[in-house]
Amino acid sequence: MTEALLALWDGAFGSSYAIWSATLVRSAPLLWLGLGVALAFRAGVLNIGAEGQFLMGAIGATAMAQVVGRSVPGLVMIPLMALVGGVAGAGWAGIAAWLRQRFGVLEVISTIMLNFIALATIGWMVRGPLQEPTRIYPQSAEIPWSAQWPFLIPGQRLHLGFVLGLLACAIAWVVLTRTATGFRIRAVGASPSAATSAGQIDVGRTVMRVFLVSGACAGLAGAAEVGGVTWALYEGISPGYGYTAIAVALLARLHPGWIVVSAIFFGALEAGASAMQRDAGVPSVVVQVIVAVIILGVLAGSQRRTRVDALRVRAGSRR
Amino acid sequence: MTQRAATEPMGADPRDHEALALEGITVRFGPVTALDGAHCTIRRGTVHAILGENGAGKTTLMRAAFGWLMPDAGTIRLHGAPVTFRTSAEAIAQGIGMVHQHFMLIPAMTVTENIALGGRGRFDAGTTAARITAVADGAGLPVDPVARVRDLAVSAQQRVEIVKALVRDARILILDEPTAVLTPDQATELLRWVRTFADAGGTVVLITHKLREAFAVADDLTVLRQGRTVLSAARALVTEAHLIEALTGAGVGPGGAGGPVPYHPMPTARVADAPEVDDPAPVLRLDGVRYVDPRGVTRLRAVDLAVYPGEILGVIGVEGSGPRELLRILAGRLTPTTGRVTRPDAVGFVPEDRLHDAVIPSFSLTENLVLADGGEARGWMDWSTWRTITRDLLATADVRAAGPDVPMATLSGGNQQRFVVGRERRRAVAALIVEHPTRGLDLTASARILADLRALGGNPRPAVVFHSADLDEVLSVATRVVACFEGRVREVSPPSDPTDRTPYTRAMTGSVETTAVSSGGTR
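Those sequence lines, one after another, are chains A and B. Take 1 as the starting number for the first sequence in our numbering and just add one per residue. Take 320 as the starting number for the second sequence in our numbering and just add one per residue.
None of these hints come from the bench; they were simulated from the model. Treat the hints with caution; some may be incorrect.
Label pairs and their computed distance ranges (CB to CB) [as the list claims (entries may be wrong)]:
no., chain 1, residue 1, chain 2, residue 2, range
1, A, I112, B, A392, 46 to 54 Å
2, A, R253, B, A408, 37 to 45 Å
3, A, D202, B, A427, 53 to 61 Å
Chain A is faced by these chain B residues, among others (derived, beta-carbon under 7 Å) [as the list claims (entries may be wrong)]:
no., residue
4, D676
5, L690
6, A691
7, A696
8, S703
9, L775
Remember, predicted model here, so these are calculated numbers, not experimental data. Note that the Cβ used here is the ideal one computed from N, Cα and C, for glycine as well.
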């Protein structure tokens, strides 16, 4: 038991390599994805599709890098990849947003379904249009050097995406607390009826926009993962980051500042899990059990609170 | 005024027997008392209408009779014998059936499956369907047993609900607002069926807020107000004016005792205080406004109305006759189907459901203040300025709160309402629309809100339009009164005797021609 936990700790924080090349590298996508999920949840949009939006962002960024190729310098290439990844993620989320707006389809269901379609799409991509030239392995060719995102520290694998993620969380925090747009998002999430009636806020439009931004965050995470970590596209590019992101967002209580802490925590668990399996022989799925227990615990806690609030509100408005 | 149906001298009529009697029924939900010793006696073979405004306790009372909830106090007698229903299954076994306002059907299942649901033993679709057809045809309520419920029109779903009760041998049928979902023709047909069912010896309890319906079909009437029975009598002994008085509390105190609680020394329209109406520029103006709701029911027809600065326009009218739509159109929360609305950009609006539509309980007071500007705000939020404005509002509107940063949920209902009125007043200098200003508030808080409305000042003085189900409230605040009846809006000229309520009650019932229509009802 102690041995396993020590291995977990060592794998996550035991060395500078563990910190800068394992834990934080795995935190990078979780920052973006957790932020995207939190923004959506804040506006009352239950976007469970971060995984699919991430995959579509990864596909978009890879395709971009392969098509434009070596001709373009990194200074142009990297922003382009981020842009295409973001747009791809937003587009994927946009399908669910449109279905919700037009037909009232619950986004919980549509986004989960879209996750599977995205997974199948990536499978087709790496065996079809984006397969590496030898046509042997189900993966894309390595993206050109100019498309590889710069490392932040010499000799460590921490890449640009992590810093951008921190920046995004800071921006989101400022937007939510200090701007009119952020206030509208919070009002729509807290009470669509009061937002409509008292605030005359266009709830549908706010929801639509937040949904797209949420998808863009996830897509950008996909682009950063291809550009900063894998340099190629393959089916297992995400070990379920999009689902872990829901836990990241919930544990952070949807607060952009806490998402940084929460993302690093889950990044450490991911990094430590493989070390634990390697060094202590404890299956890494144990960590997934821990993650699941955390999600359930957070949900049960917040659920109880909101139900108590709802009861109080209902008792007050009776008669 | 209060008369008990059971004590009516009815000779040897079989209707002398009581089918269902409820006495002293009290139901509490947490701190809220929904029913406070309500009573009613339903005679066998009659149609008994239960009337009352929203939240008066009509549905709660009948749910207690149906075993859906256990009353905290009171007794229920079925055919003279005391009973206690712990579940609605027990009530069903005793021959009581209830058709809820929101149907309890599973859309994906067939009619047969829905009706068989909750039964015991072997389920044989063929025999069940045959029995359904037999019962339905016998009762004159055609249903298709193999149709899926989701494919049926609402009126057909309602027939399924009734047949469901009849298949279980219900002899006492409780219908909760059955005509609310029907077109006028379908409603007439249903009421005709209800009459036939009662004439054949069945007993029907009809929960409704539509007076005409009650008059058209019921033998007895019970009116609930604020959880109490304020009127219970044979229809023949009641006029529409009596009913309106009982519903709105004008003239009749709870249980006939006491009297109305005066909110104002002179509870009458304050015509003397009214500003000069020859002011050429109305603040709000409706020209030929018609509104048809999404279900196709015409709620307002050809309404012309002008509201002038400084006046307090009281809107009276029973539920469903148009006041709600009228106010929401004036407030810009509803777009009329046809007609022209002239109104200033910012119109303050105090909706009836405060916690749902006016405030966000989990947000701070400052955030709730900003909420009113939520749709227009751009760029950065200057929270420290907003906090100062909130603090000022708390002082001017006399809202008791620990400060601008506490959540709205920590305030009492009266303070929340004063906050909302103050907030809307702050934004909208020209016009303020207020729905049911005292709903859910206790007497003291109600009196304060009404005093606040009366005292609304400023330069220019705002035009206030407000609606309340309580006639006394309206008369104690309004400088001018208009009445809604069947979607038409008419001004009520104040009577020479300030305590005379008849012009108002008559305006709400459409006066003479309405009485004629209802007495020539479906019987």
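Verification of the hints:
1. I112(A) - A392(B): 46 to 54 Å: holds (49 Å)
2. R253(A) - A408(B): 37 to 45 Å: holds (43 Å)
3. D202(A) - A427(B): 53 to 61 Å: violated (34 Å)
4. D676: holds (4 Å)
5. L690: At 5 Å from the nearest chain A Cβ, L690(B) passes the 7 Å test, so the hint holds.
6. A691: holds (6 Å)
7. A696: Where the cut-off is 7 Å and the nearest Cβ of chain A is about 4 Å from A696(B), the hint holds.
8. S703: violated (11 Å)
9. L775: Violated: closest Cβ of chain A sits about 19 Å from L775(B), beyond 7 Å.
When each numbered hint is compared with the structure, violations occur for hints 3, 8 and 9.
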